[in-house]
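Chains as they are written, first to last, in the working numbering: chain A, 142 to 434; chain B, 142 to 434; chain C, 142 to 434; chain D, 142 to 434.
Hint data in this document are derived by calculation from the structure and do not stem from the laboratory.
Where hints are given, some of them may not hold.
As the list claims (entries may be wrong) - For lysine to any residue, the following SDA-like pairs were computed, each having C-alpha atoms within a straight-line distance of at most 25 angstroms:
1. C:Lys208 x B:Gly218
2. A:Lys162 x A:Arg284
3. D:Lys379 x C:Ile349
4. B:Lys389 x B:Ala371
5. A:Lys389 x D:Gln356
6. D:Lys208 x A:Thr189
7. D:Lys379 x D:Ser173
8. D:Lys373 x C:Thr348
From a predicted model like this one, the values you see are computed outputs, not experimental measurements.
The residues making up each chain are set out below.
4 protein chains.
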Amino acid sequence: MKIGFLGLGSMGQAIAANLLKSGHDVWVWNRSPDATQKLVDLGAHAATSAAQAFSADVVFSMLADDKALRAVLLDSGLLARLKGPLIHINLATIAVAFAEELAALHEAQGIDYIAAPVMGRPNVAALGQLNILAAGPAPAIDRVQPLLDLIGRKTWRLGEKASSANAMKLATNFLLVSAVQAMSEAAVLVTRHDLPSAALIDLVSTTIFTGPVYQGYGALIGERRYEPAAFKASLGLKDVDLILAAAKQVSVQMPTADMIRDNLLDAIAHGEGDMDLAVLAEVEERRAQGEDR
Amino acid sequence: MKIGFLGLGSMGQAIAANLLKSGHDVWVWNRSPDATQKLVDLGAHAATSAAQAFSADVVFSMLADDKALRAVLLDSGLLARLKGPLIHINLATIAVAFAEELAALHEAQGIDYIAAPVMGRPNVAALGQLNILAAGPAPAIDRVQPLLDLIGRKTWRLGEKASSANAMKLATNFLLVSAVQAMSEAAVLVTRHDLPSAALIDLVSTTIFTGPVYQGYGALIGERRYEPAAFKASLGLKDVDLILAAAKQVSVQMPTADMIRDNLLDAIAHGEGDMDLAVLAEVEERRAQGEDR
Amino acid sequence: MKIGFLGLGSMGQAIAANLLKSGHDVWVWNRSPDATQKLVDLGAHAATSAAQAFSADVVFSMLADDKALRAVLLDSGLLARLKGPLIHINLATIAVAFAEELAALHEAQGIDYIAAPVMGRPNVAALGQLNILAAGPAPAIDRVQPLLDLIGRKTWRLGEKASSANAMKLATNFLLVSAVQAMSEAAVLVTRHDLPSAALIDLVSTTIFTGPVYQGYGALIGERRYEPAAFKASLGLKDVDLILAAAKQVSVQMPTADMIRDNLLDAIAHGEGDMDLAVLAEVEERRAQGEDR
Amino acid sequence: MKIGFLGLGSMGQAIAANLLKSGHDVWVWNRSPDATQKLVDLGAHAATSAAQAFSADVVFSMLADDKALRAVLLDSGLLARLKGPLIHINLATIAVAFAEELAALHEAQGIDYIAAPVMGRPNVAALGQLNILAAGPAPAIDRVQPLLDLIGRKTWRLGEKASSANAMKLATNFLLVSAVQAMSEAAVLVTRHDLPSAALIDLVSTTIFTGPVYQGYGALIGERRYEPAAFKASLGLKDVDLILAAAKQVSVQMPTADMIRDNLLDAIAHGEGDMDLAVLAEVEERRAQGEDR
Chain A
142 MKIGFLGLGS MGQAIAANLL KSGHDVWVWN RSPDATQKLV DLGAHAATSA
192 AQAFSADVVF SMLADDKALR AVLLDSGLLA RLKGPLIHIN LATIAVAFAE
242 ELAALHEAQG IDYIAAPVMG RPNVAALGQL NILAAGPAPA IDRVQPLLDL
292 IGRKTWRLGE KASSANAMKL ATNFLLVSAV QAMSEAAVLV TRHDLPSAAL
342 IDLVSTTIFT GPVYQGYGAL IGERRYEPAA FKASLGLKDV DLILAAAKQV
392 SVQMPTADMI RDNLLDAIAH GEGDMDLAVL AEVEERRAQG EDR
Chain B
142 MKIGFLGLGS MGQAIAANLL KSGHDVWVWN RSPDATQKLV DLGAHAATSA
192 AQAFSADVVF SMLADDKALR AVLLDSGLLA RLKGPLIHIN LATIAVAFAE
242 ELAALHEAQG IDYIAAPVMG RPNVAALGQL NILAAGPAPA IDRVQPLLDL
292 IGRKTWRLGE KASSANAMKL ATNFLLVSAV QAMSEAAVLV TRHDLPSAAL
342 IDLVSTTIFT GPVYQGYGAL IGERRYEPAA FKASLGLKDV DLILAAAKQV
392 SVQMPTADMI RDNLLDAIAH GEGDMDLAVL AEVEERRAQG EDR
Chain C
142 MKIGFLGLGS MGQAIAANLL KSGHDVWVWN RSPDATQKLV DLGAHAATSA
192 AQAFSADVVF SMLADDKALR AVLLDSGLLA RLKGPLIHIN LATIAVAFAE
242 ELAALHEAQG IDYIAAPVMG RPNVAALGQL NILAAGPAPA IDRVQPLLDL
292 IGRKTWRLGE KASSANAMKL ATNFLLVSAV QAMSEAAVLV TRHDLPSAAL
342 IDLVSTTIFT GPVYQGYGAL IGERRYEPAA FKASLGLKDV DLILAAAKQV
392 SVQMPTADMI RDNLLDAIAH GEGDMDLAVL AEVEERRAQG EDR
Chain D
142 MKIGFLGLGS MGQAIAANLL KSGHDVWVWN RSPDATQKLV DLGAHAATSA
192 AQAFSADVVF SMLADDKALR AVLLDSGLLA RLKGPLIHIN LATIAVAFAE
242 ELAALHEAQG IDYIAAPVMG RPNVAALGQL NILAAGPAPA IDRVQPLLDL
292 IGRKTWRLGE KASSANAMKL ATNFLLVSAV QAMSEAAVLV TRHDLPSAAL
342 IDLVSTTIFT GPVYQGYGAL IGERRYEPAA FKASLGLKDV DLILAAAKQV
392 SVQMPTADMI RDNLLDAIAH GEGDMDLAVL AEVEERRAQG EDR
């Protein structure tokens, strides 16, 4: 089987490396070609164009954002020239509406489109321990399951409608940013009542809120340490805008998302866009900051 | 040592039963005296008045709300007649400002006041596995630690200022209701994008949000099952009002709490005040409900 | 007819002076007695106690807040000693629930209670041009109408339920603070798009939003001038809390009020509580303030 | 002078008719050509293409939305083929970012671009009494001022940066929807305290909030009458999204706009998108609606 892989950021690098373990030919492509070298050293072939990478049986893509994917696949005319049988697995977190558009365009070309956004950071990806949220044509997913098993600990099957997987991914991201916002408000409350916020985080993350989110972001909030950023505030805003767009599409209100969006704008206005999402705590801190402190 | 215990609701019952294991004399009192019988059967003495229950070395109270405690202890003139040495351990979740008032009034009488609100439901209390958030005079807490060890799995020491423990308890409750609100919004988002909300809950509660809150409330939301209530929406509103009052006292904003307060008012206006807090999901559902559904 | 008047702040002074024009005996009382002298010079009698001021046919009160009124009338035991026939006209903006309590307590003594909160500042009061929102027993209002005509340009009759007038007054105050908040947000929007906010205020206050609120507060916002305060931010917060309490009582949500409450807390946390309500514009300004400005 | 006019909806019709009074040749164009007949009867020439309408000295456009303008002017390649001297006056309310893009593209062709969004409804436009918010090259505005005087009561000059006029227009629309939202909340508050909301509207619209917005929308809210729509809720949402986009561009938060956006989504989810913006009152009503009402 011939496998293509487009998009070699830190996530893409780690995932593609695991796919090489399949023994199949893996053709990798990236907009700035430097990123391919490391994978070539591991046995991958360097595709000289996106089209060459798409000349395969199964193609994975993990491009930076909707705009990049639109440029590579649609504006270039590439998708219109492709024909099935071909399975395209899009691992990126993209807009729900864009996923719907892509699913329809692929179907028109006789190509299977699988939305498979992933949960996990590059270190988790490197271990092949991602959670994969997969939706699309069932036979196609069945067929690529062995590949998905190389990159993830579990594939969550979410039906035949590809965009549902993107909605699910956005919902999980929403829960994540909501938890960070809630911790931010709670942290300011306890500090103003003479307790360190770290005490709150320690308490809840070992009792009612175990799991990596409260522990990880909680630690950053407890220490008021926002750099280096694992998840930048500016990317958080990008996700929140995707969430609100997905909600608007189905006339759903998400008041928590509105509020977090405002707080992220506040962070960005104060030059904190490149800091970690946990900087939401600093926004709350700033609002409660009296003159005499 | 003689121990008094006031307030025998389901939490008080469970806790007092564990204190009986200390071998000390335990004098129990409740506003409606029926509740004492079960504990008397276990070896407790029935106090005939709140004053008799306070005639002890250490007194625990777990009264229903601020109003009940104010009636029993202050309006009755009881506290003004008490003298130290005496340690009063208040297990209830009360207002921060009221805790400050109580601490000062006890100190004026030479009585040690320990704020020790607890985390956990009656079944956890019955197992002696509560988390106890304790603040107040350190020597007094040291002295009662063996008693606290009978009722809780861990005592979190939060300094000498009693009201800090109440602020901490309110902060944890805030995180809890925030998580329920976030799940409610996310649940509506995914259902409108053609996935069952239970799939979302299953995904996150076994990956990034382990722990009892996402699992427990998530299950209720996933099934849209709000009765019987483990934590009533109307009591949720009471807590949120305590949270906002504690925040106002120190000029802190809690926009998430504002929003949840509105949603709880919505639930109550729609006759859902006695349902579980998870009914917040129904509020979101109602707002997104189109005519053609 | 003998008239009593309690509460001689700047509003009370101005109103009582107009009542003197009735030719009736007016007995004035104030907690700090200095304030009576000016009215005595105009022909009023100085009451030596609140009870003496209430020994009249018609009594007006304009005390500072709910707490002051409760102290003077209820905690003192005064109301319990009074008997009708007597008409008490309460001009102050008080809580709806307190108005209900007062109406019931007066009725039990056979005393007519009229809620008559007023719209207008001291300079308007001095001209006898207030708008009076009156509710209570119709025959009593009919009887005092000649007195109300001395102090107001119009009496708005709002039915027999006294507390309705307080709800109406709070609703108008809510509209006022909402307009100030909206102008604050709009002002920041246009300034960041390179136009002076004064241009926006000039435009709207002479076209779609005539009337004193947009003009008056708009001018303060346009000039970023918040002192001296005509309506202090801290008093704005007091009113917003009364509004939210009145809404909670009937399970009504007021999300705009929530948000303004947060912004007022922000102002207070930043030492701006004694500035004019228009300082809400500064809260928005602060949130949008980038590092490089 | 030859004048072009594109976009003959109800606003465009009314404005173009007034321009005919200039005595100049007016060439009108509309996507669906039926709309031109009435103006031809009044002396206009029917352009057979957008390009023909742009073959003029001064061109006005009043197209339905950003998408329509983009289609006619950019996607078609029309603008790229145009050359100055030519003055394009865009009367429509468009996105600030799109206005910036258009200003740059026109400048590149040597064409003067004037943003001139207007305040007023078709009946006001028919009377030539619009308020015109004009920004762009000063000499160009000076030159077309006699034409603007035919269609408006006043031209508000807002500097050389065209997009500023669009920001200003969005700010006024924001104030309008904010006033409607505030009235909606206040109306529910007073009705639940046993007063008709019409009493509130009558009170404030004749005292502190004169001007057409509180009177006009207030009347609809007071009567709970939302059809026929003068300003549809769905178009309100379009404007609020433009407002939030303009704010995001400069990292400004507009929490009132967020909240109104949610309420408009609620209206749309309940099939009220074609009703008047005043239906925001119904959203509040629904949220406060208890089972027993």
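Structure-based check of each hint:
With a CA separation close to 23 angstroms, the supplied pair C:Lys208 and B:Gly218 stays within the 25 angstroms bound. The suggested pairing of A:Lys162 with A:Arg284 holds, with an alpha-carbon distance near 17 angstroms, which does not exceed 25 angstroms. As the CA atoms of D:Lys379 and C:Ile349 are separated by approximately 21 angstroms, the hinted pair is consistent with the 25 angstroms bound. Note on B:Lys389 and B:Ala371: the hinted pairing is violated, with a Cα-Cα distance of about 28 angstroms set against a maximum of 25 angstroms.
Between the alpha carbons of A:Lys389 and D:Gln356 the distance comes to roughly 31 angstroms, so the proposed pair goes past 25 angstroms and is violated. Of the pairs offered as hints, the one joining D:Lys208 and A:Thr189 is violated, with about 37 angstroms between alpha carbons and a cut-off of 25 angstroms exceeded. Taking the CA atoms of D:Lys379 and D:Ser173, the gap is about 23 angstroms. The hint holds against a cut of 25 angstroms. Restraint check for D:Lys373 and C:Thr348: satisfied, since their Cα atoms lie roughly 21 angstroms apart, inside the 25 angstroms limit.
Figure legend: structure checked against the earlier numbered hints; hints not met, in rising order: 4, 5, 6.
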